[in-house]
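Trainee: Sequence:
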Amino acid sequence: MAGRRGCTGSGNRLQPLFDSLNRVEISRVALRYNFRLCRARAGDAAVMAMVKTDGYGHGLVECARIFAGEGAAAFGVAEVAEGIALREAGLEQPVFVLAGLLPGMIPALLQYNLTPVVVDRLILPELSRQAQRSGGEVGLHLKVDAGMGRQGCLPEAVPGLVREIEALPALRLDGIMAHFPMTDDPEPANTRQVFGRFTDMIQDLADDVDIMLTGCCFHIANSGGLLRYSMTRLDMVRPGIALYGYYPGGEPGRTGPEALQPALRFVTRIIQVRTVPAGTALGYGRTFTTSRTTTLAVLPVGYANGYLRSLSNRAEVLVRGQRAPVVGRVSMNLTLVDVTDVDGPVEWGGEAVLLGRQGDETITADELASWMDTISYEVLCLFGNLNRRYYQD
1 MAGRRGCTGS GNRLQPLFDS LNRVEISRVA LRYNFRLCRA RAGDAAVMAM
51 VKTDGYGHGL VECARIFAGE GAAAFGVAEV AEGIALREAG LEQPVFVLAG
101 LLPGMIPALL QYNLTPVVVD RLILPELSRQ AQRSGGEVGL HLKVDAGMGR
151 QGCLPEAVPG LVREIEALPA LRLDGIMAHF PMTDDPEPAN TRQVFGRFTD
201 MIQDLADDVD IMLTGCCFHI ANSGGLLRYS MTRLDMVRPG IALYGYYPGG
251 EPGRTGPEAL QPALRFVTRI IQVRTVPAGT ALGYGRTFTT SRTTTLAVLP
301 VGYANGYLRS LSNRAEVLVR GQRAPVVGRV SMNLTLVDVT DVDGPVEWGG
351 EAVLLGRQGD ETITADELAS WMDTISYEVL CLFGNLNRRY YQD
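Residue numbering for the sequence shown follows the UniProt record's numbering, starting at 1 and increasing by one per position.
Calculated from the structure, these hints are not laboratory results.
A portion of the hints provided could be inaccurate.
[What the hints assert, rightly or not] Think about it this way: if two alpha-carbon atoms lie no more than 25 Å apart in a straight line, the pair counts; the simulated DMTMM-like pairs of lysine to aspartate or glutamate are:
hint : residue 1 : residue 2
1    : K52       : E88
2    : K52       : D174
3    : K52       : D393
4    : K52       : E367
5    : K52       : E378
6    : K52       : D120
7    : K52       : E251
8    : K52       : D185
9    : K52       : E62
Construct all of the structure, not just a fragment, from the sequences and the given hints.
Mentor: The structure is reproduced here in C-alpha cells:
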C-alpha cells in the first residue's frame, strides 16, 4: 500500500518531510551578551545560569553550552531529567536540581553527579543511605523559606536541619539558599525584609558554636536581585529571565549599552490573503464582525503553538514592519490578522512576526504578556517549547 504523501509514519508518530511554517529563532549573540552583562553585575559572586524548563524555551543544552563558554559556574534545572541531559551533553559544571526530590530519583542523581536542593528533612535519611551504598559523598544545598511561602524550611528550623545533615553519613552541606518573591516590584521593602530574614539566619548559624559552616555557599539573588539590589549577591547569583533578555516585572529596564537583548523571535508565514466584505463574522464564536471591506492574512499558528486564545481580538502582529491587529478568535492552528491598513502588498508566503523585530517595529514578550494577562516568562516558555527552534549567530 502506498505511503501517505507529505509525511512518514513510525508507529503513531508522523514525521513531516517539511519544516513547520512556524519557527522560533534564537540569537546566540544576545544570549552571550546577556550573560556577560549579568556576570559583570555579579561582581565577585559566582553565576548559576538558570536553564530550567528547556532554557526558558530557548533550549536547555544549547543555552548551557553558550553560558558555559562565558564562564557559568553552575546550572539550575527543575528536574533530574534536565540534569541528565546536561551531563550527557558533556557539561561538567555543578547542576542544581531545584524543584525537589523523591526517593526514586536518588540513583540517577548520584549516577550523574547532580546537586540536590533539599527542602526539608524527609529526603535526608534515604539520600544518606543511597550515598553510602554508592561509596561516595553528596554535597547538598538547603533551601530556606525566608518569605517566598512556597518551598523550603523556615529559618528557625535551619539549625536543627544543619545538625542533622552533619550527623548523617555521606552527606555534606555545601550551601544554603532562599528565593525572593517580589524583586520585580520597584518598591524595595519586601525584598529588604526577606533578605534581612535570610542574613539574620546566616548570622545565627555563624554564632552557633556547634555548627561548622566552613566553605558554605549562601545565595538568594535572582534576576531582580542581581539587577536591582547589589547587596543581595552574596556568594552566588541565579539569573534566569535576564539571561534571555527580559527584566522581571515587565519594565523596559536600562537603555543603551547596558540594555538586555531579547534572544527569541517567533515568526510564521502567511498562508492565505483574502478580502471579505463588511458585515463578515470571523472565526469560532463569531467574536469579530468586519465594519468595512477587509483584507485578511491567515496565519498557520494558534494555541497549539502557544499563541493562546486570550490573544483573540487583542494582540498585534508585524507584517511588512507594521502592526496589524489579530481579529476573531485564535484557533488551534489558525489566526486571522487584519492587514487592510498595511502599506504595500501583503503577499502569500510573506513573513509575519508574532514576537520580535521586523523593520523598525518590535513586539516584546512583555507586550504579549500584557495581552495574555500573564508574564514574559510564560510567553517565552510557551513559544520556545512548542515550536521548532533555529539558532543564529
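Trainee: The structure should be examined with respect to each hint, and the outcome stated for every one.
Mentor: Comparing the hints with the structure gives:
| no. | hint | in the structure |
| --- | --- | --- |
| 1 | K52 <-> E88 | 16 Å, holds |
| 2 | K52 <-> D174 | 21 Å, holds |
| 3 | K52 <-> D393 | 23 Å, holds |
| 4 | K52 <-> E367 | 23 Å, holds |
| 5 | K52 <-> E378 | 13 Å, holds |
| 6 | K52 <-> D120 | 22 Å, holds |
| 7 | K52 <-> E251 | 23 Å, holds |
| 8 | K52 <-> D185 | 23 Å, holds |
| 9 | K52 <-> E62 | 12 Å, holds |
The structure fails none of the hints (numbered hints given earlier).
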